[in-house]
Amino acid sequence: MNSFFRMRRVTKEFGGLKAVSDFSLAIERSELVGLIGPNGAGKTTVFNMITGRLRPTMGDIFWKGKNITRLHTHLIAAGGIARTFQNIKLFGDMSVLENVMVSFHSSIDSWFLSAMLGLPKHRREEKRIREQSIAYLEEAGLAHLCFEKAQNLPYGLQRKLEITRALATGPDLLLLDEPAAGMNPMEKIELASFVTQVRERRGIAILLIEHDMKFVMSICERIKVMDYGLSIAEGSPDQIRSDPEVIRAYLGGPGDTASG
Amino acid sequence: MSAKWKFCLNIAALSALFGLLYLFSRYGSGYQIRILTNIAIFITLAVSYNLVNGVCGLLHLGPNGFIAVGAYTSALLSMTPAEKELNFILEHLVWPISVIHVPFLVSLIAAGAVAALFAFVISFPVLRVRGDYLAIVTFGFGEVVRVLCNACQSVTNGPLGLKGLHPYTNLWWSWGVAVLAVIVIQRLIDSNYGLAMKAIREDETAAMAMGVDPSRRLLVAFMVSAFFSGVAGGLLAHLITTISPGVFTFVLTFNLLIMIVVGGLGSTTGAIIGAVLFTWGGEALRIVERPMDIGIFTIPGIPGMRMVIFSLILMLVILFARNGILGRWELNWDFLASKFARLRRTDTPL
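Residue numbers (the numbering used here), protein chains in the order written: chain A, 71 to 330; chain B, 20 to 369.
With the rest of the complex left out, here is chain A:
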């Protein structure tokens, strides 16, 4: 298993319900892949399995040649897979800067006792983390909001902060769960350029769930389509646009007995 990221025949059952079945996906370094599908198709379940929030019933997930299927969430995060959440999960009562500083926690190189005693080594670490966090916020254009509480930011900026916070963990693979949800067209255009910029500058791979077709088609190189827990299509945006299976999943059609 020498590929960058690979899911092999992953299945997740909740009781009798198969949320995801026999799902395989490979992502290469610095690729931008879209994961789309109707509501309830199992997209977020895929994310939760990758990040260790859910354990697959069957199948394996490989990250840089290692099997991470049963690893704890925080170890997966420290290993270079970061994510955002569908319903924004910021640390609401903490400042914007503090939100980003938390992301450096797994990289801190001093013991808690040296923090309590205020040893010089710990102070250096704190300074490093603070400076790096501010650099990330400057890059995202949020530096002027450093001391604002995260919960007081407008919606679009909360999304942006969540992405910045995920980036600050220094990932090689970034999972974005509906980053454009609830945004107006202007914000979406801005977000699209932010995401492509991030990828170009850092060379990280991005896997993104999104409902907005225009958004996905415009920035993704490859798209994977899911429906009822199954992978129904994979290919370039053009291929996906004309795929009969995809059209049926989204619009319904002859042979589709299940309505809605």
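These are calculated hints, taken from the structure and not from any lab test. Among the clues, some could well be false.
Stated by the list, open to error - With a straight-line Cα cutoff of 27 Å, these simulated DSS-like cross-link-like pairs (lysine-lysine) come out: (1) A/Lys191 / B/Lys23; (2) A/Lys219 / B/Lys25; (3) A/Lys219 / A/Lys197; (4) B/Lys103 / B/Lys182; (5) A/Lys191 / B/Lys25; (6) B/Lys25 / A/Lys197; (7) B/Lys25 / B/Lys358.
Unchecked claim - Derived contacts from chain B toward chain A, CB cut-off under 10 Å, selection only: (8) Val203; (9) Ile204; (10) Arg206; (11) Leu207; (12) Asp209; (13) Asn211; (14) Arg220; (15) Ala228; (16) Met229; (17) Glu349.
Unchecked claim - Here chain B is said to cover these stretches of chain A; the calculated rule only asks that three of the stretch's residues, wherever they fall, bring their Cβ under 8 Å from a Cβ of chain B: (18) 155 to 163; (19) 170 to 176.
Keep in mind the model is a prediction, meaning the values are calculated, not measured. Glycine included, every Cβ here is placed at the ideal spot set by N, Cα and C.
Let chain A serve as the given structure and place chain B on it in line with the hints.
What follows is chain B alone, placed relative to chain A:
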């Protein structure tokens, strides 16, 4: 405000505090000194309790267990073998403890260490659960410790308790520990470790996804909190000089909870204010229990009246300050500067 300024102000404030304590130790009455000593012990307890309840957001209801562990550890270590002989009439004290006799300072450190060890052991069941379940498990721990103190006669002397401890605890010991606890715990809260703890409080799922290991961070908080609770327990034992299982009931935990909630959950200075108000306020209100002469008629002293008034005050505080007196604010120099001089925070903590 620059770090240098803050440092100077901190030194000045500490000097003022210890100057005041010196004046009290010279000219104050025994009663006043006793209250001040009590205040310091409860500051230590409230601040360390706030680390777990306020900063980490865990509803931990077992600090009375850690205080009891600390009190017994410290007491057993600081008594001379002859004194222990006198205390243990029904059952003999088990061997190694019966002959050990260490200075007060060592016994305090041991009290903290043993309490932290207890915290480490019970963290395995406790930190697996959250919310109400965690409250029940920790509450159970507090009760188990109390019952064990009653039952293990050859270690704790059972319900008879330990009597005739040396009254080592004075103003300096108690305030020294309180200041140390506040500084050390606040440093932890201000560090990246504290941020991780707050992140777990705000959203544990997100914290994990950012690479924070909740069980290890909470364990740190839990053990540090238990350490200082244990030390304060040792101080308490040598202040009241007689301890028995009845001293460490759930009421103690309950009082601490009131202190940190009234002060503002998650705020260290709030916990300090809560501890001061609660400890000093309870005594100051004794005047309402005295017979009063209001010209036309006289009110005979009503015993217990102060608790009625006190409860009313607590209710009013919570009614008008939902998040406690300080909320999650800290009453630090930045806060004071922004309040009084209307200085916007411009050059502050970057």
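Exercise. Quick check: which numbered hints come out false for this structure?
Worked result: The structure breaks only hint 17.
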